[in-house]
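A.B. asks: For reference, the chains in residue letters:
Number of protein chains: 2
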Amino acid sequence: MSYIFGVDVGGTTVKLGLFNEQGDVLEKWEVVSKRETTKEVTEHQLLKDVAASVVAKCEERAIPSEEIIGLGIGIPGAVRDDGTVVDAVNLGWGIFNVKHELASYLPFENIVVSNDANIAALGEQWKGSGADYNTIVMVTLGTGIGGGIVLNGKIWNGTSGAGGEIGHTKVPGDRLCNCGCRGCLERYTAAAGIVQNASELLMQSEEESVLRSAPELNPKVIFDAAKEGDPIAKGAIEIFGDKMAFACANISNILNPEAIIIGGGISRAGQIILDTVEKYYRPRLMTALSGTVLKLAVLGNDAGIYGAARMVMGK
Amino acid sequence: MSYIFGVDVGGTTVKLGLFNEQGDVLEKWEVVSKRETTKEVTEHQLLKDVAASVVAKCEERAIPSEEIIGLGIGIPGAVRDDGTVVDAVNLGWGIFNVKHELASYLPFENIVVSNDANIAALGEQWKGSGADYNTIVMVTLGTGIGGGIVLNGKIWNGTSGAGGEIGHTKVPGDRLCNCGCRGCLERYTAAAGIVQNASELLMQSEEESVLRSAPELNPKVIFDAAKEGDPIAKGAIEIFGDKMAFACANISNILNPEAIIIGGGISRAGQIILDTVEKYYRPRLMTALSGTVLKLAVLGNDAGIYGAARMVMGK
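Top to bottom, those sequences are chains A and B. Each step along the first sequence adds one to the number in the working numbering, with nothing skipped, and position 27 is 17. Each step along the second sequence adds one to the number in the working numbering, with nothing skipped, and position 59 is 49.
A couple of the hints might just be wrong.
Any copy will do: because identical chains look the same in the list, a pair fits if it lies in one copy or spans two.
[As the list claims (entries may be wrong)] Using 25 Å as the maximum straight-line C-alpha spacing, the simulated SDA-like pairs for lysine to any residue come out as follows: (1) LYS269 / ASN168; (2) LYS285 / CYS171; (3) LYS269 / SER150; (4) LYS217 / VAL283; (5) LYS144 / ASN124; (6) LYS269 / ARG165; (7) LYS47 / SER189; (8) LYS269 / CYS171; (9) LYS269 / ASP164; (10) LYS144 / TYR123; (11) LYS210 / GLN194; (12) LYS224 / ILE85; (13) LYS269 / CYS169; (14) LYS5 / LEU264; (15) LYS210 / GLY255; (16) LYS210 / CYS167; (17) LYS144 / VAL302; (18) LYS269 / GLY170; (19) LYS285 / SER150.
Since the hints were made in silico from the structure, they are not lab data.
With these hints in hand, go ahead and build the complete structure from the sequences.
C.D. replies: What follows is the structure, encoded as structure tokens:
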């Protein structure tokens, strides 16, 4: 038997998966990332914790190191092809080579590092809703927007590790983004953006809406109200769909993928997402691109460990 | 000695180049495409003419077929990886396999087909202003807008041959494009779009402008007037720069290339193009993308034959 580890580093937890050489997941577990008081300690301690968990799993299952094909790991930040993390601001990490550091703690050397959105995209392309396609773009809707590009079954990291930054593609509008630019997609279609769509409509209109008496405005409340026909909620979702479609049309015109896959927590709203984006997407597509498919992701939080494992198999 | 042919099919002429195995161009010439009355004849006759010209050149130079590495050819239309032209509407071509048909007329089999904008991009990446980079996007400004993507030294055709359709990426605005969609980049930054920018400003304003007495409005007249400080012409070029920058920001956020190269007839206006696009491009870039370079193309009409030859060398 041969084994592969897939690791997905998140803000509060690290997911791990053990896979066999056929790509079946044998076991999934989590390591809670222990945040230390200084940034210096955090990233190195976290990688030590991950390595310790991998070593412990090998001992538990009596897996000798020569039966381990390798380990893939996804980090929430820009990662260069050589394994250097250059921009993991949400984790407060410095610039350093994750591949080399992790290898120093492990009894095997084949370690592949990429961005968390990229490994989720590769996971969906391999085992999820992109399994019929070789070339897909995944857009992950949550607190922010992640983007991952898979070309002919391989992750495209971009030349400085910042490829697939779909959340910062520009759409019509001038809302200010955390990145310092105006009109970024995520200001209209990630969580806070969807809430702002609704808030602005509530202020501009006198129309009755269940959102006026909602204890909290969040994407779930707004999508649920839209499904019930609430006019303000529907208006907020139309803005969401129009901006998403604008970005998806630009992805299509530039890359011409077979499919664009929409995932992340917000995509749990389901069919209404596809219906609303499709409505504004199709009229923006030239005939040569009409075969492009929009789909919802299906692997949920497991997409990352699948993609992380796949990176190693693809080597 | 070994030889390579590079062929660039245009609307009115076909350019050919003979290269040695080091990639030096030994000779350049043209075959005028003889249009027949029906579409059926045209594309097949044109390929026969190209093949005859290649065979004649081999005879003239006494090049035996075993010394020919191959032939690369670019077509103005969408081309699949297998050499099938699926959408060459400007030439009125049907759907057929250019690679197979050309091979049937030639004494060698290594033939690689791509889109004309893609081969121009590869030519610039190989021997032109992209020579310091492996990954570039080229935007060709002319009657329409062509786009070509080179990732790690290889053309990215897209999954249905429609990758790099930069001219049909969407920008803010609702001008109707020939493709049937609204807000396509080329409606603001290709020849007719630049003229429309100026015409609309002339109608909206009473301001003095040399453009009011110009015998004809075309991009050269408008760029020349802008360089002289004409306010209406400058306004038209600001619109051009803003829309180009919007598209370049989206290219950068999606693909994260090292450089974006601006070419085509309109780019002969020179530094004013870079200055105006840069002005609106930099504020739209997140920090991780700040290394992206904008450059003007340098190979002019020869870019295509260089890129066509390079495709064969890259095999």
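A.B. asks: Against the earlier hints, flag every one the structure doesn't satisfy and list their numbers going up.
C.D. replies: 7, 12, 14
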